[in-house]
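With the hints as constraints, model all of the structure from the sequences given.
Next come the chains, spelled out residue by residue.
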Amino acid sequence: MKLNRLAQVAIATAATAGLAVGLLSPANAAPKTTVQIVQSNALTGLNPSVSAMNLTFNTDVDYLEQVGFTYYNNKATLVDNTAFGTYKIVSKKPFKVQYTVNKGRLWSDGTPINGIDLLLTHITAAGTYSQIAGLGDPADSDVTPAFDSLGYGGLYEQHVVGLPILSPDKMSVTVEYGTQVPDWRLLAPGVFPVHALMMMAEGKNKLGTVAENNAARERFYKAFDTYNTASLKKMGAIWSKNYNINVVNASTNPLLLVGNGPFMIKSAVANGAVTMVRNPKYNSGPKVKSLQRVVFKVIGDGTAAAQALKNGEVDIYAGQPTADAVAQLKAMAPAVKVIGGDQAVYEHLDLRVGPAYGTTEPYNGPFAGDSQKAKDLRTAFLLAYPREEIMTKVIQPINATSQLMNSLMVFNSEPSYKNIIAKSGVSKFTAGTQASRTAQALALVKKHFPSAAAGSGSVKIKLLYGQPSNARRVAQAALAKAEWAKAGFDVDVTPTSGWSAFLEDPKYDAAFFAWVKSAAFQSGNVGTYETKANYQGYSNPVIDKIYKELGATPFTAAQIADRFTKVDAELIKDAVTLPVFQHPSANGVNAKLQGVAPSPFSPNLVWNLWDWSFTN
Amino acid sequence: MIAYISRRLGVLVVILFGSSFILYNLAAISGDPLGELRLSREPNAQQQIVALTRELNLDVPPPLRYFLWLRGILGVFVGNADFGLTRTQQPVINEILVALPITLRLVTAATIIAIILGISIGIVTALRQYSRFDYAMTFVAFLLYSLPIFWVAVLLKEYLAIQFNTFLSEPRISAQWLIGLSIASGVFWSAIISGTRKRVLLIFAGAATANFAFLSYLSITEWFANPSLGPIGIGVFSVGVAYGVTQLSTGIQNKAALHSSLTMAAIALVIYYPVQWLFEQDGEIIIYPLLVITLFLVAGFVPLKFSRIDRGPIIRTSIISAFIMGLLIVIDQLMQTWKPYMESDAVYFRPIPTIGQVNALLEPGNFWMSLLDALVHMFLPTLALLLISFAGYVRFSRGTLLEVLNQDYIRTARAKGLTERTVIMRHAFRNTMIPIATIMVVDFASIIGGAIITERIFGWLGMGTLFNTAINSMDLNLLMGVFLLTGFLAVSANLIADLLYSALDPRIRAGAGGN
Chain A
15 MKLNRLAQVA IATAATAGLA VGLLSPANAA PKTTVQIVQS NALTGLNPSV
65 SAMNLTFNTD VDYLEQVGFT YYNNKATLVD NTAFGTYKIV SKKPFKVQYT
115 VNKGRLWSDG TPINGIDLLL THITAAGTYS QIAGLGDPAD SDVTPAFDSL
165 GYGGLYEQHV VGLPILSPDK MSVTVEYGTQ VPDWRLLAPG VFPVHALMMM
215 AEGKNKLGTV AENNAARERF YKAFDTYNTA SLKKMGAIWS KNYNINVVNA
265 STNPLLLVGN GPFMIKSAVA NGAVTMVRNP KYNSGPKVKS LQRVVFKVIG
315 DGTAAAQALK NGEVDIYAGQ PTADAVAQLK AMAPAVKVIG GDQAVYEHLD
365 LRVGPAYGTT EPYNGPFAGD SQKAKDLRTA FLLAYPREEI MTKVIQPINA
415 TSQLMNSLMV FNSEPSYKNI IAKSGVSKFT AGTQASRTAQ ALALVKKHFP
465 SAAAGSGSVK IKLLYGQPSN ARRVAQAALA KAEWAKAGFD VDVTPTSGWS
515 AFLEDPKYDA AFFAWVKSAA FQSGNVGTYE TKANYQGYSN PVIDKIYKEL
565 GATPFTAAQI ADRFTKVDAE LIKDAVTLPV FQHPSANGVN AKLQGVAPSP
615 FSPNLVWNLW DWSFTN
Chain B
143 MIAYISRRLG VLVVILFGSS FILYNLAAIS GDPLGELRLS REPNAQQQIV
193 ALTRELNLDV PPPLRYFLWL RGILGVFVGN ADFGLTRTQQ PVINEILVAL
243 PITLRLVTAA TIIAIILGIS IGIVTALRQY SRFDYAMTFV AFLLYSLPIF
293 WVAVLLKEYL AIQFNTFLSE PRISAQWLIG LSIASGVFWS AIISGTRKRV
343 LLIFAGAATA NFAFLSYLSI TEWFANPSLG PIGIGVFSVG VAYGVTQLST
393 GIQNKAALHS SLTMAAIALV IYYPVQWLFE QDGEIIIYPL LVITLFLVAG
443 FVPLKFSRID RGPIIRTSII SAFIMGLLIV IDQLMQTWKP YMESDAVYFR
493 PIPTIGQVNA LLEPGNFWMS LLDALVHMFL PTLALLLISF AGYVRFSRGT
543 LLEVLNQDYI RTARAKGLTE RTVIMRHAFR NTMIPIATIM VVDFASIIGG
593 AIITERIFGW LGMGTLFNTA INSMDLNLLM GVFLLTGFLA VSANLIADLL
643 YSALDPRIRA GAGGN
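Quick note, the sequences are listed as chains A and B, same order.
Position in the first sequence counted from 1, then plus 14, gives you my numbering.
Position in the second sequence counted from 1, then plus 142, gives you my numbering.
These aren't lab readings, by the way, just hints derived from the structure by calculation.
Among the hints, a few may not be true.
[Claimed, not checked] Chain A stretches covered by chain B per the calculated footprint, using a threshold of three residues with CB under 8 Å from any CB of chain B:
#1 51–64
#2 165–171
#3 251–261
#4 363–376
#5 519–530
#6 534–544
#7 620–628
[Said to hold, decoys possible] Here are the computed lysine-lysine pairs in the DSBU-like style, where the Cα-Cα straight-line distance is at most 35 Å:
#8 A/Lys606 with B/Lys481
#9 A/Lys107 with A/Lys580
#10 A/Lys117 with A/Lys184
#11 A/Lys437 with A/Lys495
#12 B/Lys558 with A/Lys344
#13 A/Lys236 with A/Lys280
#14 A/Lys407 with A/Lys89
#15 A/Lys351 with B/Lys481
#16 A/Lys301 with A/Lys110
#17 A/Lys102 with A/Lys184
#18 A/Lys280 with B/Lys397
#19 A/Lys184 with A/Lys236
#20 B/Lys481 with A/Lys303
[What the hints assert, rightly or not] What the simulated footprint calls covered on chain B by chain A, stretch by stretch (three residues with Cβ under 8 Å from a Cβ of chain A suffice, anywhere in the stretch; the number is not a length):
#21 172–180
#22 232–244
#23 298–304
#24 488–499
These numbers come from a predicted model, not from an experiment.
All C-beta atoms, glycine included, are put in the ideal place defined by N, C-alpha and C.
So, in C-alpha cells, the structure goes:
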C-alpha cells in the first residue's frame, strides 16, 4: 500500500515534470522539416518535356515528382537508380538494351509501375513513330506534332530501330539501336504514368482504383502498339496542353499530379510559391532522410533573395555569381553558409577563321584563312588575352577555388585533365608571365605590321560578346582590351544586345561567350568544333574524323582522353579558340541545412534533396 | 463637348496603335529568343530551334509579325479578342487577370495612405508657413523624394524586418534606443506645435518624457511580443477620436456633434467584450458585413437624440468617428492574433517578412490569421512606396493651398466673420482639392502599370513583374498585353483628368474647337 502510494506520487511528479518541460521548452526545439528554396522564375507547367516548358523550375519540380533509371550526381557522373530498376545490354549485334522495372514500385495513386510506363518516351522522342502514327512530322516548320515534345531529333531518334518490345511479364522493355551507341546509358527511357494520361484522354478527372488504372494502362499499350491515331492524338493534346498549368489547388485534376518521385505537388499559386509534400507511396529511389515539405518561392531579385535568406524566409538560394552578391552572402555568416561550385558552362574566346558553315557572306578580316599571317595574328591575339588576370580579378572573388581552364575538351575536375593539358601543347599559352606573352604577341604582330607597337592599334578587331547588362563580361572585355592594346590590337569592345543572333555574322572577328554542356556524352565538346557546328567557319578534317569515331564506337576512358588530346592540340595549333573558366556558382544556404552538394548539371541544387536535413 | 471627347478618343486609338507598333518592333529586335538554344550542345538543339521558330513565327519579320498579333487584338470588335499565349502557353489575359489584383493590393493602399498623409501634412505646413515644422517637412519631403526605392527597400528590410524580428525574440528596448526615440519624438512635437522658445522647450521636455515612459512601459511588459490595445486603450483612443473628428468636421463648439461622437466612444467601449466573443466565432465570415452595417446604423441614429436641427453634419461626424473606432477594435483584434501568428509553424517567430504577398505555409481557414498575414506582407512594400511617393503630395497640396489662401474669396469669407475652421475646411480646402483630384486620377492609372522595381525587390508578382518577365524572356505577346492595358489606362486617365477638371471647376470649360 505504501509502496503503491509512493509509486503514484512518483508517477505524478514525473508526469508533472514532463508536462512542465514540454510546456516550457520553446516551440522550435525540433529540427525543421520544411525546406524553402528560391527560384528566380515562376512555375509554368508540370511537364518539362513540352518544348515551351523546358525551364529550370519546371525541371526541378518534375525531378522530384518522377524518378527514372538514372540521375546525375554532383560529380557530373550518371548514377544508376537501382531502387527503381536496372538496364543491361542483352545483345551486341543487333545492339539491344533491356530496361527492367523492379517489382513493387508504386505510383502515388498506388498503381504498381511496369514496363508499359516506359513506352511514352518512344512516342515523344522518336519522330519516326510520330510520323507513322499520323501524329505529325516534328521537323515540319509549320505544323506542331500531336506530342509537342522537345525530345525529337536527339540521340534516341538517331539510333532507335523499330518499336520497343514489352516482355511477357510486362516488367521489361527491350529497345533495339541501329549501332552500338557509345552513349547508350544516356538513352534510358523516362517513366510516365500513362494510365493517368489515358484516363484524362477519356475525360476522367478523378483518381481510379488500381484495377481501373491497370485497365487504362492496357488500353494505352494497345493504342501504342497499334498506332491508334485518334486515341494517341487525344493523349497528345493532354500531354502537350493540360500539364501546362501554373496553379495547383483542390480543383486541379489529381490525375495530373500522379508521380513516383519522393515529393508531390500540394499547391501552387499562379506565378508564386509551390508547395510539395512527401509522396507516401514513394519507393522508386533513394530514401528521403528527413524532409517532409519542400516550398519553392519565386524571388527574381538577388538582393531580395539574400535578405530573405537572412530573415529565415528561405533556406537556400543559388546566388548571383557576382563578387558583390557573394560578399553579401558571406557577410551573413554564421547564420548562412556559402557553398561554391562550378557549373557545366565554360567561357571561352573564339576567333573567326572564315564564314560560318551554311552562310554566304564572306569573311575577310585579319584572322581569315590558313595563311601564316592570319595564324600569327590569331596566335598573337590569344597570347595577349589576359586569362590569369581575368581569373584573379573577376572569377576568384566569386569562387576562390575556381581555376584557369586549359582544355576545351574536359573540365579541370575530370581525371584526364592533367594528362591532356600536358600533351596538348597548351603550354604555349600558359608559359611565362602575361607580360612576356604579350611581348611575344607584339613580336608576331610586328612581323606583318612593322609599325606595330603598344597602343599603335595596327590591327582592328571587332569583338562580339554578351548583353550590356552582364557586368562580368564587361569587366572581362575591359581587362582584355587594355592588354590587347599593348600587343598592337585595337579592339572594339562595344557590347551587343541580342548578341547570340550575331554569332554567325562575319562582321565580328572574335567572340567570347560560354558553351553549355548538358549531359556527359562520350563525344564531349568535340562536336562544338566540327565543321558544320561551329560558328567560326573553322574546318579541320582531323577533328571531324575524331567526332565521327566518338559518336559511333564505345571507347575506354584512355582512348577517349587520347582523342580529346588530339583535338585540343589541333585547336591550339590553329589558334582558333581558348577556354578561360568554368562559370562559378555560389549558393547561400541556411547554416543548419546539411547535405547540399550542387551539381553542375540540371537539376543543379535539388538532385540530392533526399539527403538534405536540418540540424538544431 | 461630345465632339471634343470623340476627337480625344480618336487620338487615343491612334496613339495606342502607333506606340504598340513601335514597341513591338523595338522589343522584337532587342533580343534573340533563340539565343539560349544556339549555345546549347544538346544533340537535338536544331530540332528545338525549329519548334521555337514555329511557335513564335520567328520566320516572319517583326513589322509583319506585329500584324499577326494585331489580328488577334482586333477580334475585340467582333467579340473574341485574342491576346495570344505567353511563351509558357498561358493565355496572356489570364496572366494579367492574376497579376492585376496583386498590383492593386500593393499600390492602392500605399497610394491612398500617401494621399491622405501627404495632403494633411501639406495643409498643416501651408497653415504654418515658414515655421520650424514647415522647414522640417520641406526637408523631409525633399529627402524622401530623392531616395531610390531599391535602397530604401533594402534598409527597411534590414531594420524593420530582419533586425525587428530578432528584437522580437527578446522584446526589450535598449537604453540607447529609448533615449534616442524619446529625443526624436520631443523634437518632432515641439517642431509641429511651435511657439515661444520657452513653450518649445516645455513641449520638447513633455513629449520626450511621455514618450520615454510609454516606451519603457511597452518594453517592460514585452508588449511587442503580445500586443493589444485592450478596453483601456480603446476607450482612451475613442475619446481622442471623438474630439479630433468633431473639431475637423463641425468644430468643437458644436456640442450636439461632440456629444454624439462621445456617445459612440462609450458604445465602442461597451461592445468591446461582446465583439471579442463574436470574433472568436471564426469561420462565419457573414457576421463581419453585418457588424459593419450595424455600426453605420447606430452611428446614423445616435445623433438624432442630440439634435433636432441641422442633423446632416452631426450624423457625418458621428459616422466618421464610429468608423475609426471600429477600425481600432479591428486593430486590437489583429494585435491579439499577433502572438498565435508568431508562434505558428509557418512563421516560426519571424513575423515580418521581406518578400512575397502571402505565407505559403500558413494553413488557410482562419480569417484573422490570414488577414494579419496579408497585412504583414504588405507592411514593408507599402511603407517603401509611401515614403517615396507622399512627398510629392505634401509639396503639391502645400503650394496649392497657399495659392488658394491668397484668393479674394478667402478674404471675403474672413471678412464675413466666418470662423477660421470654416474658412480653411470649407472654402480653402475644397478648392485645393480640385487640382489634386486630377493628378490623383493620373496617379491611379499609372500605378496599374505596377511598380516594377518595388515588386521585384519585394517578390510581389504583379503587373510590374509581368512586364519585367516579358522583356527578359522576349515574350512579345505578354509584353504587348501589359502595354496595351497600361497604355490605354494612361491615355484615358489623362482624358478623364481633363474632363474631371472642367466638371469640378466651373471656371474652366473644355469645349469643342480648343478654346
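Checked hints:
Under a criterion of three residues with beta carbons nearer than 8 Å to beta carbons of chain B, the stated coverage of the segment 51–64 of chain A is upheld, 5 such residues being counted. For the segment 165–171 of chain A, the assignment as covered by chain B holds, since 6 residues bring a beta-carbon within under 8 Å of that chain's beta-carbons and 3 suffice. Proximity of the segment 251–261 of chain A to chain B, defined as three or more residues with a beta carbon under 8 Å from a beta carbon of that chain, is established by the 3 residues found. Using a Cβ-Cβ cut-off of 8 Å, 0 residues of the segment 363–376 of chain A lie near chain B, which falls short of the minimum of three, so the contact claim is violated.
Check result for the segment 519–530 of chain A against chain B: holds, 4 residues qualifying (beta carbon to beta carbon below 8 Å, three or more required). Closer than 8 Å: that is the beta-carbon criterion, and the segment 534–544 of chain A has 4 residues meeting it against chain B, so the requirement of 3 holds. Counting residues of the segment 620–628 of chain A whose C-beta sits closer than 8 Å to any C-beta of chain B gives 0, which falls short of three, so the coverage hint is violated. A hinted pair counts as satisfied when its Cα atoms are at most 35 Å apart, and A/Lys606 with B/Lys481 qualifies at roughly 25 Å.
Using a Cα cut-off of 35 Å, the hinted pair A/Lys107 and A/Lys580 holds, with the two alpha carbons roughly 30 Å apart. Annotation: proposed proximity of A/Lys117 to A/Lys184 holds, straight-line Cα distance about 10 Å (limit 35 Å). Restraint check for A/Lys437 and A/Lys495: the C-alpha separation of about 30 Å stays at or below 35 Å, so the hint holds. Restraint check for B/Lys558 and A/Lys344: not satisfied, since their Cα atoms lie roughly 70 Å apart, outside the 35 Å limit.
The suggested pairing of A/Lys236 with A/Lys280 holds, with an alpha-carbon distance near 32 Å, which does not exceed 35 Å. A threshold of 35 Å between alpha carbons decides the hint, and for A/Lys407 with A/Lys89 the separation of about 27 Å falls inside it, so the pair holds. For the given pair, A/Lys351 sits about 30 Å from B/Lys481 by alpha-carbon distance, which is consistent with the 35 Å threshold. Between the alpha carbons of A/Lys301 and A/Lys110 the distance comes to roughly 31 Å, so the proposed pair stays at or under 35 Å and holds.
For the hint pairing A/Lys102 with A/Lys184, the CA-to-CA distance comes to about 16 Å; that is within 35 Å, so the pair holds. Using a Cα cut-off of 35 Å, the hinted pair A/Lys280 and B/Lys397 is violated, with the two alpha carbons roughly 60 Å apart. Under the criterion of a C-alpha separation no larger than 35 Å, the hint pairing A/Lys184 with A/Lys236 is consistent with the structure, at around 13 Å. Straight-line distance between C-alpha atoms of B/Lys481 and A/Lys303 comes to about 32 Å, which keeps the hinted pair within the 35 Å bound.
With 7 residues carrying a beta carbon less than 8 Å from a beta carbon of chain A, the segment 172–180 of chain B meets the three-residue requirement, and the given coverage holds. Counting residues of the segment 232–244 of chain B whose CB falls under 8 Å from any CB of chain A gives 4; the rule of at least 3 is met. Coverage of the segment 298–304 of chain B by chain A holds [criterion: at least 3 residues with CB-CB distance below 8 Å; count 4]. Coverage of the segment 488–499 of chain B by chain A holds [criterion: at least 3 residues with CB-CB distance below 8 Å; count 9].
In terms of the numbered hints stated before, the structure departs from hints 4, 7, 12 and 18, listed from lowest to highest.
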